[in-house]
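There are 2 protein chains.
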Amino acid sequence: MFEAAELGRKISKKVFEQQLPKLRSRLLEAQFRLKSTPLPVIVLISGVDAAGKGEVVHRLTEWLDPRGVQTHTFRDVSDEERERPDYWRFWRALPARGRIGILFGSWYSGPIVQRVYGEIKNSKLDRTLDRIAFFEEMLVKDGAILIKLWLHLSRKEQRKRLKALERDPETRWRVLPTDWKHFKLYDRFAEIDERVIRHTDAGSAAWHLIEATDHRYRDLTAGRIILEALEQGLKQWREAAAQNRHHAPATRPPKRGVTILSRVDLNQALSPRDYKRQLQKCQAKLNQLTWAACAKHRSSVVVFEGWDAAGKGSAIRRVTAAIDPRLYHIVPIAAPTDEERAHHYLWRFWRHLPRAGRVAIFDRSWYGRVLVERVEGFAAEPEWGRAYLEITDFEEQLVEHGIILTKFWLHVSKEEQLRRFKERQDIPYKRYKITEEDWRNRSKWDAYSAAVNEMVARTSTEFGPWTLVAGNDKKFARIQILKTLCRRLESEIS
Amino acid sequence: MFEAAELGRKISKKVFEQQLPKLRSRLLEAQFRLKSTPLPVIVLISGVDAAGKGEVVHRLTEWLDPRGVQTHTFRDVSDEERERPDYWRFWRALPARGRIGILFGSWYSGPIVQRVYGEIKNSKLDRTLDRIAFFEEMLVKDGAILIKLWLHLSRKEQRKRLKALERDPETRWRVLPTDWKHFKLYDRFAEIDERVIRHTDAGSAAWHLIEATDHRYRDLTAGRIILEALEQGLKQWREAAAQNRHHAPATRPPKRGVTILSRVDLNQALSPRDYKRQLQKCQAKLNQLTWAACAKHRSSVVVFEGWDAAGKGSAIRRVTAAIDPRLYHIVPIAAPTDEERAHHYLWRFWRHLPRAGRVAIFDRSWYGRVLVERVEGFAAEPEWGRAYLEITDFEEQLVEHGIILTKFWLHVSKEEQLRRFKERQDIPYKRYKITEEDWRNRSKWDAYSAAVNEMVARTSTEFGPWTLVAGNDKKFARIQILKTLCRRLESEIS
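Residue numbers (this note's numbering), protein chains in the order written: chain A, -7 to 486; chain B, -7 to 486.
I should point out that these hints are in silico values taken from the structure, not numbers from a laboratory.
Heads up, some of the hints might be wrong.
[What the hints assert, rightly or not] Here are the simulated DSS-like cross-link-like pairs (lysine-lysine), alpha carbons at most 30 Å apart as the crow flies:
#1 B:176 to B:133
#2 B:436 to A:5
#3 A:227 to B:422
#4 A:466 to B:14
#5 B:14 to A:467
[Claimed, not checked] Covered, in the sense of this in silico footprint (three residues per stretch, anywhere, with C-beta under 8 Å from a C-beta of chain B), are these stretches of chain A:
#6 44 to 52
#7 329 to 338
#8 358 to 369
[As the list claims (entries may be wrong)] Short, incomplete list of chain B residues facing chain A, as computed with Cβ under 7 Å:
#9 47
#10 50
#11 53
#12 54
#13 63
#14 70
#15 72
#16 176
#17 284
#18 312
#19 317
#20 322
Quick caveat, the model's predicted, so the values are computed rather than measured.
C-beta atoms are modelled at their ideal positions from N, C-alpha and C, and glycine is treated no differently.
Please work from the sequences and hints to get the whole structure.
Right under this line is the structure:
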């Protein structure tokens, strides 16, 4: 595969200087137009050591307006990063819409080096690559222009380059001991690199192999590839925008008959006496369990979804009352901020993942994508349609990292909701809780029901099962939630 | 001082339950109204061990809508925090406008414990407290409602409480070995606590001492103090808003005669040959110096300010061309995002401070407050007027942390600017750089001149001096910048 990048391609200084002004001017123009689009640009710079990755980035920031460009390296993992799933550091580094992010090494370096050093097997490598492919596809579907550059040097050339760097006192420091170590492993690297490239060379996220022997050819080629990708991305976006797709809300008729929700027994209730007794017991237990989890550096993510007025707020208060305030934080999910809107919809949830040992309570969550955004037409059908898989992949990453994930759907009957709406209007300190929007949502009960049923069916996984809470009796619901949380924690940390 | 909080105040269960509903309802109402204001609420919970700080927070989150409340503890310092100035972690935790942040321990714990253990002397403690007072005053002037609660227990009561916690198997884990250690140091703590409270008990940031022996009295009192502060803050804000102050741009006539800017010799220039030779030399040196600084974990902050078309962008490129892209990032400062707008104006700069060993290049900076915001009237005179001190305090914190700070003002003559504006309109790939706004700014040259002169005069400190760059000759300017940077780095790390 790499033979295609060992052809000795060169560009003379004269040709380089002839072609550069036009390339620069077109790059700047494309970058300028990019600013007002919702397209983030992600440039991955990978390749063999000493191929000049840093130099290529120098060139790019020289040619582009550096104010719209952000570069990121992934070397030392900070402890804040180590305490979150692997991809947290990559999500942190993703550029906002209209901006260009240049990532050194990125999500590819780790798996390659691990495989070369024999820390993982091919089967594990392939699984890692599947995740990468899924991740990249997700970004591209969200509008990202993804440009993956692989700088190649032949074995001979790599040796020559390292020697040359070492000879020059001004560049000597750039040759690290690992560079020679990796050079000795050249063939091994080539083998793994090829496997990685083949595995992740999808149409929407194709690799560009660049022969890096001649620096002018290398830089100009990198610039051209980026230019082409930018111009093509902009063109496709303009065309799509011209069609002016309006997202009609999904109007598929809700399924009749038995549904998941309809099987929740809403008649379950608790007497005040039983409630009080069990509440104290559960809260004391939860308190101890959260401290124990903290001692073991196991963090928790708890998701609360449910009908308006189903009692999410008061249930959350019963949970937080049991946990030391130093150990939890609540993440209320309302309309996204503009920084959040400038990223993939999952970005805002990644940024709130808890540190080791802490509990993050999401009051509404990423499921908004397949609930309110679906029903109200804020997301188009392909968008919310692919979200199920994106969400379960996200949750799988949490669980693989050791996060204890618990998801609650607080269910109430339509009649009970009405009763509570009316009650809220009558009690002064509850009045702030009821808005016009609640009534509007209520009028779409059937559409929401269909969405909830599909959500539970498609995102109840072994690692992230839904707990449907019988919410007509608030006391019963709270105990069910506390007991579920205790069970989850207990089984995970004992 | 603490005698006032050892009077044995109590509230019976009956009275408590009588008064609670009204308090809750008013708290919720105040919180609801808060949402649509630009006022962040900062509640500090301090006090002696075992006084029930956690329990008070439980109560508060129970009484308030927890979705608008964020709690933060400051215990373990993460490495990302350690790599920044001390206050970085506090800035991270500040609540946005319209929201309530409850901070445990906050900026007070560290200095108190250090003083009790004899790690610092009173003189250092007092300096730390001065900084705290300045910081709090700054937040309050920015609109924050700052509520500082100190929970007090007598020596006897603290002992009783610790014993009681230890007796109960369900609370035993809450008593830490340090609690008993601190108990033995009770008198020492009391002495330091008093010093701290006295020193930071400013009118706008007063302490509220709460007797914490009786938990009902303690909780109800905390709730009432918060309610009162919220209602008063809301009232003051409404009154101020009703006056509908319009910020007239400052129209003080610019001073005549010799100014700081007028003393910059704009005739300095370099021949192309000298430029080329020196450029290579400086860049090679800067490259080595940034690596050396990285090895010593010393980070840099470089500020670029200057007239439109003064050559900031191209100067930055000559700097970044010398630095490994893995070591620097550029922070372009344009209009703030809504998350940034929801905080104090310095917040957005704190969040971009570099990790240890890295270089952050600010393309425009916090000086916008006393330049564009002043001249255009985006900030009122009291706001930009107090910013000089806020800024030098900020910069002092950077430098105290070991950050190498360099600040450039790129100066050009009014004629040279005009020449460049015209040139930009003629060269295709430069055209994107010139906008209507540039011409508008140019028409305010005199007002900007006055602002720049005052800025340089008032913020050129020993730890953060300004370098005025003679920018009429771009070559000269770039070399001046590179040389200055090299000198700064060299003197700091050698």
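Okay, the hints, checked on the actual structure:
no., hint, result
1, B:176 to B:133, "violated (40 Å)"
2, B:436 to A:5, "violated (45 Å)"
3, A:227 to B:422, "holds (22 Å)"
4, A:466 to B:14, "holds (23 Å)"
5, B:14 to A:467, "holds (24 Å)"
6, 44 to 52, "holds (count 3)"
7, 329 to 338, "holds (count 3)"
8, 358 to 369, "violated (count 0)"
9, 47, "violated (9 Å)"
10, 50, "holds (6 Å)"
11, 53, "holds (6 Å)"
12, 54, "holds (6 Å)"
13, 63, "holds (5 Å)"
14, 70, "holds (5 Å)"
15, 72, "holds (5 Å)"
16, 176, "violated (24 Å)"
17, 284, "violated (9 Å)"
18, 312, "holds (6 Å)"
19, 317, "holds (4 Å)"
20, 322, "holds (5 Å)"
Checked against the numbered hints above, the structure violates hints 1, 2, 8, 9, 16, 17; every other hint is satisfied.
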